[in-house]
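K.L.:
Line order of the protein sequences matches chains A and B.
The first sequence maps to residues 2 to 104 in the working numbering.
The second sequence maps to residues 2 to 493 in the working numbering.
Derived from the structure by calculation, the hints contain no laboratory data.
Beta carbons: idealized from backbone N, C-alpha and C, even for Gly.
Be aware that a few hints might be false.
Unchecked claim - If you anchor each label on the Cβ, the simulated ranges turn out as follows:
#1 A:K5 <-> B:S239: 38 to 46 Å
#2 B:A258 <-> A:S77: 52 to 60 Å
#3 B:K67 <-> A:Q31: 35 to 43 Å
#4 B:D236 <-> A:K5: 48 to 56 Å
#5 B:D375 <-> A:K18: 18 to 26 Å
#6 B:S32 <-> A:A14: 47 to 55 Å
#7 A:A25 <-> B:P103: 30 to 38 Å
#8 A:K5 <-> B:D252: 51 to 59 Å
As the list claims (entries may be wrong) - Interface residues of chain B toward chain A, partial, derived using beta-carbon atoms under 8 Å:
#9 K62
#10 L260
#11 S319
#12 I362
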Amino acid sequence: MTEKHTLSIEETAHVAKLARLEIAPAKLEQYRSELANVLGHVAKLKSINVDGIEPLTSPVDSTNRLAADQPGATLSLQELFINAPAVEGRFIAVPKVLAEENS
Amino acid sequence: MSAPFTDAVSIGEAVRTGATTAEQVTKEFLSRAQKSNASLNAFHEIFESEAMEAARAVDAKVKAGKNPGPLAGVPMAVKDNLATKVGRTTCSSKMLEHYRSPFTATCVERLQAAGAVVIGKTNMDEFAMGSSTEHCAWGPVKNPWDTTRVPGGSSGGSAVAAAAGLCGFSLGSDTGGSIRQPASLCGCVGFKPTYGRVSRYGLVAFGSSLDQVGPFTRSVRDAALTYQVMAGLDDCDSTTADLAVEDPMKDLENPIAGLRVGVPKQYLSDANDAEVNECVNDALQRLQKLGATLVEVDLPLTDIGISTYYVIAPAEASGNLARFDGIRYGHRAALKTGESLDTLYSRSRAEGFGPEVQRRIMLGTYVLSSGYYDAYYGRALRVRRLIKAEFDNAFAKCDVIAGPASPSPAFKFGGMNDPLKMYLCDVYTVNTNIAGLPAISLPIGFAKDGARSLPIGLHLQAPAFADAKLLRAARMVEKLFPDLVRQAPDFS
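Turn these sequences into a full structure, and let the hints guide you.
P.N.:
Structure (structure tokens):
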């Protein structure tokens, strides 16, 4: 039933890059073969006729409920910052975003 | 019946009437939880002082003649992907090893308001991805019936805590069977309510259109009561249904006259363990003797559920887990001079997430990526509509659909070392989430492995929002197995 799915190392590396996962080159082959296996199995979806069928994104018909536009209780910076890896004053610190010139 | 194996309803009654105190009950369960952890590893954290304080507050209410709530002094264990102000909320992931939630999940708050006492957070498959609780950054959880076997997953710690009497009841989350399958493998009741019945506010998101919170209990009435306390509209979760919650306790003891039980031929497959099929058939025959009608229903899309689920769930997970970038909270990797912000994201995620989570994020990224979106994700969503329609048709002929929750009893550690093989175990539970239905697993017998007994559960599914009716049907099944001892053997 399961069909063979071809997935190259380059494609696997590309998916890892899109997913922002730094995968060591030595581990890529294992991920490649496991993903190819699962993709080969889910290819069974092709055997189902879905002509004229609309996608179903949620099991319940939910309409977007809007909250009243009134300020409520909110968390303090202090409460939120207990989880921040690096803080400077009122800010969460991150590494330099812009590359330095000549580097 | 010894105290740890009474149910939550009995504990609440005993505390309210002064037959015992919340302090005494909490102390007893804390001691069992602590003693068990070396062998079972159900808990990541146990909150001794906070639990005792909460128990004393319940006792003070009883003394003052105030209503302490229906779950007065009942110790509860909480899956570690539900936010609690007390302790950490780690999702059993290094990514959130030190994460302290600034708020408590709505469902936990409602149970606390009803008198329940949080005694600890339970181990799980990382970010709820798994069916064995082997993918847990804090070590695997053991099945109390046989510690060489898995408890199921992803809510393994919560299932073990309820089944082994380490708490009055526990909470889990179910995205594709993560409550029902471990309940079946550990021998307790596991209930996944209709999608949108219980608030997901404070549940760390995995598959947002599939996730639902539910209880693990030692009786069906406990499942009904804890569900009743949690269910209903929550302003903090716009997917909670704006529909009155039917009282699940009112008619629980009254059998449903002329109950029609749907039996899909696809569910009693030869691929199941023989003992699983025997137990399910036995339960069905007993129901029939009781006056229920067995109705043959056809669910030909049962098998395609796995393919549908393992596209939709990873797709949603890859989006939901994009928030873990090492910036505002969670694990942040160290950078060398000159390395970019982009490397910070990628390295933090690679260091913080375990292999199964990375696999599913990549799978989700692939099926959503340009060129593959329509072929995988778009198609899976169309098949999803067909699966839901198939259930609708079946429920025109029956009240509940019955079958096994898992094709086999608990398997050995490492027994499903290939990811795809593990995914295939979810065949009877994923379609419930795809269609948003309520479902429950409850113990109906055992498989024998030498001197060991391994629990087997019956899986009952019902139409959306027929939660109260489903619980009534489950209560009928529970009454058929009065000798079924829920006490796990001595695991220590």
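K.L.:
Each hint: holds or not?
P.N.:
Consistency of the hints with the structure:
Checked against the given bound of 38 to 46 Å, the beta carbons of A:K5 and B:S239, roughly 43 Å apart, stay inside it. The hinted range of 52 to 60 Å is satisfied by B:A258 and A:S77, whose Cβ atoms lie roughly 57 Å apart. Taking 35 to 43 Å as the suggested C-beta distance range, the pair B:K67 and A:Q31 does not conform, at roughly 59 Å. Checked against the given bound of 48 to 56 Å, the beta carbons of B:D236 and A:K5, roughly 50 Å apart, stay inside it.
Here the CB-CB span from B:D375 to A:K18 is close to 22 Å, well matched to the stated 18 to 26 Å. Between B:S32 and A:A14 the Cβ separation comes to about 52 Å, which falls inside the hinted range of 47 to 55 Å. The supplied range of 30 to 38 Å is met by A:A25 and B:P103, whose beta-carbon atoms lie about 35 Å from each other. At roughly 53 Å, the beta-carbon separation of A:K5 and B:D252 lies within the given 51 to 59 Å, and the hint holds.
With 8 Å as the threshold, the beta carbon of B:K62 stays out of range of chain A, its nearest partner Cβ sitting at about 25 Å, so the hint is violated. Interface hint status for B:L260: violated, as the beta-carbon distance to the closest one in chain A is roughly 24 Å, over 8 Å. A distance limit of 8 Å between C-beta atoms decides the matter here; for B:S319 the minimum to chain A is near 6 Å, and the interface restraint holds. Hint on B:I362 holds. Least Cβ distance to chain A is approximately 5 Å, under the 8 Å limit.
In summary, the structure is inconsistent with hints 3, 9, 10 from the numbered list given earlier, while agreeing with the others.
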